[in-house]
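Construct all of the structure, not just a fragment, from the sequences and the given hints.
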Amino acid sequence: MEYNSEKSLIMHVDLNSAFATIEQQSRPMLRGRPVAVINRRTENTSIVTASYEAKAKGVKVGMKFIEASRLVPELVAVESDPAKYRYVYRKLMAILNSYSPNVVMKSIDEGIIDFHGVPLKRSLVEIGHEIKKRLQDEIGSAMRCNVGIGPNRFLAKTAAGLHKPDGLDVINATNLRLVYKTMKLTDLTGIASHLERRLNAVNIFTPIQFLDTDVISLQKVVFKSIVGRQWYERLRGYEVDDWSSETKTIGRQYVLENRNLKRSEIAARLHYLCESVGSRLRLQHKVARGVYIHIRTIDRKYWHACQICQMSFYSDKTINTLAQQLFLKAPERIQEIGIRCYQISDNNDPQASLFCDEIVHEQQLVSAIDVINQRFGDRTVHSANTLKTSEFIKTKISFGSTRYL
Amino acid sequence: MNDEIFLNEQIKVVVAFGDGLNPCRPLRFRRTNGREIDITEIGLRHPNMQGKRMVHIFDVTDGSADYRIELDAERLSWRLTREADHGI
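In the order they appear, the protein sequences are chains A and B. One point on numbering: in the working numbering, the residue at position 234 of the first sequence is 1109, and numbering is uninterrupted. One point on numbering: in the working numbering, the residue at position 54 of the second sequence is 763, and numbering is uninterrupted.
Sample of chain A residues lacking proximity to chain B, with all beta carbon distances greater than 12 Å (derived):
1) E877
2) N879
3) K930
4) V1000
5) G1065
6) I1079
7) E1114
8) E1132
9) K1204
10) V1235
Here chain A is said to cover these stretches of chain B; the calculated rule only asks that three of the stretch's residues, wherever they fall, bring their Cβ under 8 Å from a Cβ of chain A:
11) 748-757
12) 784-795
Source of the hints: derived by calculation from the structure; they are not laboratory data. Every residue, glycine too, gets a C-beta built ideally from N, C-alpha and C.
Quick look at the structure:
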């Protein structure tokens, strides 16, 4: 198969060190200084994002703040501010949507514009420069982004990662081999260390060798599935990633703020997580049939339990009742606790049964509480059991999903 | 760790209203202790819904410290909620 010689019509826009850049934008005194965004104001917390100044001095995402501050004593830690990041996400999405109706936000800091079917009077490079400028005009002068242009999503994302920060690159059939020559296998999106080992086992050590491997070998020997063919096409610039996944689970987890909490205090935190999950479930107009809880202990042991019900549910009370039943069997010395609802389906609002008064009352109560919370703010009405837990458990933003933004 | 101070202080603000992308531009504010702060740059302005009440959050600087001031769009009142000099 030849490389895809179609005109490059996919653009990938990626904010540089998004949360740290947004903090530097909003707090001008932090510009040019090493900044780490953290989720909790403790030294044992992990770094969520580091600014380019911090990265240049060896600070890495995921590193403990205490280690990073030993490495860079002048490092400034800033607690994450979800409302601010959501605002920038919406601004970025509005900018991207003004160029094409086919925009997919892949995460809070990156989006893809598909220009297929869009009448173009300018080149995509020109549009890419304009997006960079608009980002600075409409959000702030410190905002920077990488823009990548390619014939498929994979090559557009690869192009966006070539010159960080503030780069703009195009990959197409003519320069594809040249680009791969400059890269390592793990530089390719989707190739982590375990896939690298698998490729190494069949004498593939570079992206060029990966590109030159025939489809049969990739499908039958390396990946032993259709994934091999997908990689063969993806590397050549053909689109195989134009799909979206359905919500299969909705959950939250929490690392305890203190290792010496009483069982009842941990149960209260679990209750809080159940309320949060219930709220997310209803926000997406979904119902669930199963509850799964997991525990990670101080000795790094993993424990989990689940329960499935015949009837679907969405109320905080039901989720918490099921979760607390499972929690009774949980081990001691807990460090992290999490809950997920699974067997998710759309809430089609079926006609209430004449013989289930309790369920109808519960549905009415849940709806009334949701209306109050939407009007007066999150957690205006909630269980008394979780009254003090919101001091510890705060809303955070994940990088990978745009579902709750 | 950042040396940010969290406050909830009512302030008086001089604001210019104009057009463009940032029509509301706070220029100067006076704290309860009488100190006046001249805003040299607005870092970011973002809205934050507190239920159905809109609060506009301005992250600003006077060149020696960063401040967060908040405009409650329902009550039309301003508050200083954060101050940080980041150890400079």
